Structures are given as C-alpha cells and as structure tokens.
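Each chain sits in its own coordinate frame; assemble them with the hints.
Quick mapping for you: the protein sequence lines, in order, are chains G and X. The first sequence begins at 1 in our numbering and counts up one residue at a time. The second sequence begins at 1 in our numbering and counts up one residue at a time.
Calculated directly from the structure, the hints in this document are not laboratory data. Don't take each hint at face value.
Claimed, not checked - What the simulated footprint calls covered on chain X by chain G, stretch by stretch (three residues with Cβ under 8 Å from a Cβ of chain G suffice, anywhere in the stretch; the number is not a length):
1. 39 to 51
2. 57 to 68
3. 77 to 85
In this text, all values refer to a predicted model and were calculated from it rather than measured experimentally. Quick reminder that beta carbons are idealized off the backbone N, C-alpha and C, glycines included.
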Amino acid sequence: MTRYPPEGQPPDIIIRVVCRSLVPFIQLFGLYVVVHGHSSPGGGFQGGVTLAASFVLLALAEGRGALRRHIPLGALNAFASAGVLLYAGLGVVCLALGANYLDYGPLPFAEPRSVGMLVIEIGVGITVMAAMLSIFRDMLEF
Amino acid sequence: MKLLHLVATAVTGLLLIVGSLDLAETGDPAAPAATHVSPRYIESGLEETGVENMVTAVLADYRGFDTLGEVTVIFTGAIAVLLILRNGLKGEEDEA
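For reference, chain X alone in the conformation it holds in the complex (with noise of 0.2 Å):
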C-alpha cells in the first residue's frame, strides 16, 4: 500500500513537472493570458466600469463573485477561531 502511494505521488509530480514546462515565461507579452483578457481590461476598463483605478474595476467588478469569495473567507477564519478559542474558555464568559 505505501508503495502505491509512492508511485502515485511520483507519477502526479512528474506529470506537474512536465506540465510546468509548457507554461508561458514570466511576464511574456505574448502569453495566451496577457493577449486575451489582459487588454481588454486595460483598454475599456475605464468606460465599461467608470472607475480609474484598473485593480479595483477588475477586484470589484469583473471578479466580484471572486471578491465575494474572499471576503466570505475572511469572514469563515473568524468563525473558526471564535469557535476554536471561544470553547476553550466556557465557564469564564462575560456578559458580551
């Protein structure tokens, strides 16, 4: 059983390995990601959204759902480390 993992982490690594020497060079202008949404946001940014900044039109509005994710994220570790630390201190509650 160990040894299949082993082949199966060593078969999944390889392939990564593989796969990652096709990605596009840093910063490559010619990139498949840098030729199709790229310009698109840079050049109808400001009329298509209204907003100067090109970092929040991209967080907040083509990505919103993205953003929403984040925050709900945020949201969750809060949660969990009320959760966490708050149950370890039953007994010594305040009022709050």
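Next up, chain G with everything else stripped away, as it sits in the complex (with noise of 0.2 Å):
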C-alpha cells in the first residue's frame, strides 16, 4: 500500500480539482437529506454521515494535512456535544411548557410537532458529522 498523496508531493490537480467540484454537491446532499427527513427518507443519521463523507472525500483529496488545518479537534468535540444537547436542551424546553419530555405539543410554532422533529433530526445531524469526523481524524493521525 501506498500512501496518497506521495511523500514530499503535492496532491494530483486532477483529483483534486474533481473532489473540491463535488464537494459542495455532496455537502448541499447532505442538508437536504437532514432537513426533508419529515418527507422523505432520511433523517439525521443519513445526512450526518453525508456531511462528514464529503469532508472525508477533501481530505482524501487534500492529503492528511488539510483537515488537520481546517478542522480543529475542539471545533469537532464541541459540535459533538452541541448535538446531543440541542437534543436533550429541547427535551428540557417541553418540560419546561408543561408537556413531558421530548412531548413537542406545547412548542409555540404552528405544527409544533414537526418543528421539534426537525429540531432535533438536525441536532442528530450536526452530532453524527461532528463524530464520524472526529473519528476519522484520530484515525489520519494515529
């Protein structure tokens, strides 16, 4: 085996050039899958793991150093645990309206329950990208 990009070589234009092209389709994939979960299939899981593949893809693109450089570990961690807690935050937030936990009744919206599950199918989202991340990362650097 090989590593990509070689040592002491910069990464091929040409890979590079067609990854950094498909990224942004990937990633805009990505919000959608999370975002239309009420719809379609998908959901937060699906567009998490969406998102964190084309950041993936860049950094197979980019070589090992590019996420290192653009995606701080702490930025990562603190995303993961923003997830959970937009999580159990709106949990808390139905307690706190008189309904029982994750109960997205009482939500001042006008379908208060479809506002709180794409609440927290983005919650899901942001937690899943941020942790398939951070493991691919320990992994680059291990």
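What follows is the structure, given as structure tokens:
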C-alpha cells in the first residue's frame, strides 16, 4: 500500500479539482437529507454521515494535512456535544412548557410536532457528522 | 466451578430456545406487535404528528427518547475513540 499523496509531493491536480467540485453538491445533498427527513426517506443519521463523507473526500484529495489545518479537534468535539445538547435541551424545553419530556405539543409554532422533529434531526445530524469526522481524524493521526 | 458454569450456560441456552419457540412468525399480521401499536402509528400517525414520513414520526416523536439514546451512543463512541487513540499520541499533540 502506498500513501496518497506520495511523500513530499503535492496532491494530484485532477483528483483535487474533481473532488473539490463534488464536495459542495455532496454537502447540499446532506443538508437536504437532514432537513427533508419529515417527508422523504432520510433524517439526521443519514444526512450527518453524508456531510461527514464530504469532508472525508476533501481530506483524501487534499492530503492528510488539510483536515488537520481546517477543522480543529476542539471544534469537532464542541459540535458533537452541541448536537446532543440541542436534542436533550429541546426535551427540557418541552418539560418547562408543561408537557412530558420530548413531547413537542406545546412548542409555540403552527405545527409544533413537525418543528420539534426538525430540531432534533438537526441535533442528530450535527452530532453524527462531528462524531464521524472526529473518529476519522483520530485514525488519520494514529 | 467450570462444571457449574457449563450447567448455567446450558440451562440458560435451553430456556432461551424454549422461549423462542413461542415467538410469532416473522410478518404474522396477527402477532401482538402488529395488533397493538402498529395500527395506531399507521392510522393516526399523520394527524397526531403532522409528519408524512411514518418512519420519522415513530423514530423522532413516538420513540424520541430511544433516538436520544442512539445519538448518545454515537457521541460516546467518538469520545471513546478519542480517549483511546489520543492517549497514544501524547507528546505529538497539535495546537488544536
């Protein structure tokens, strides 16, 4: 097994350009899967993994240093925690509004249950994306 | 002592096998799982949650607490990998 890019050489221009132009579309699709989980197959888990995959592709194309330079470990840990916090926090908000834990009924929106689910899907997406990237980065460094 | 373990394992295994004989057939429409909660999810899921996707409605609303646990499992996995691998990297830590 040889490493890409080879020691001391810059990444291949063709691989770089192709991957770089693919990444925005992958990320857009990931966001679509997260946000559209209500009415089509998808949701936080799948969308989060898709988003993480776009960054992994970027890291593979640009070399190991790129991910390290652009995405600090602290930020990944913060995002992974923030997603769980968003999810659990929404449950506490429901409690404060007088309902059961994670019962979205009394949220102040026109369709409270739909909005509640959207919020937790976003929380799931953030956590899954950050956790996948964090594991990937830890393995790269190892 | 080893014999005791063997007996305990064999008895537990036998109990599980005997118990599994009474399980409903896969996909049996008369099974208890298909006659109690499933019709409720299918019939009133849309009006109770306002979400067209039945899977999401069950996952994120009816069983939201379960999904919270799943997210926590993924989070814990990342933290575990972080702790195990990054301890091996002590000394070559980057500024992040």
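Tested hints:
| no. | hint | result |
| --- | --- | --- |
| 1 | 39 to 51 | holds (count 4) |
| 2 | 57 to 68 | holds (count 8) |
| 3 | 77 to 85 | holds (count 6) |
When the structure is compared with the earlier hints, no violation turns up for any of them.
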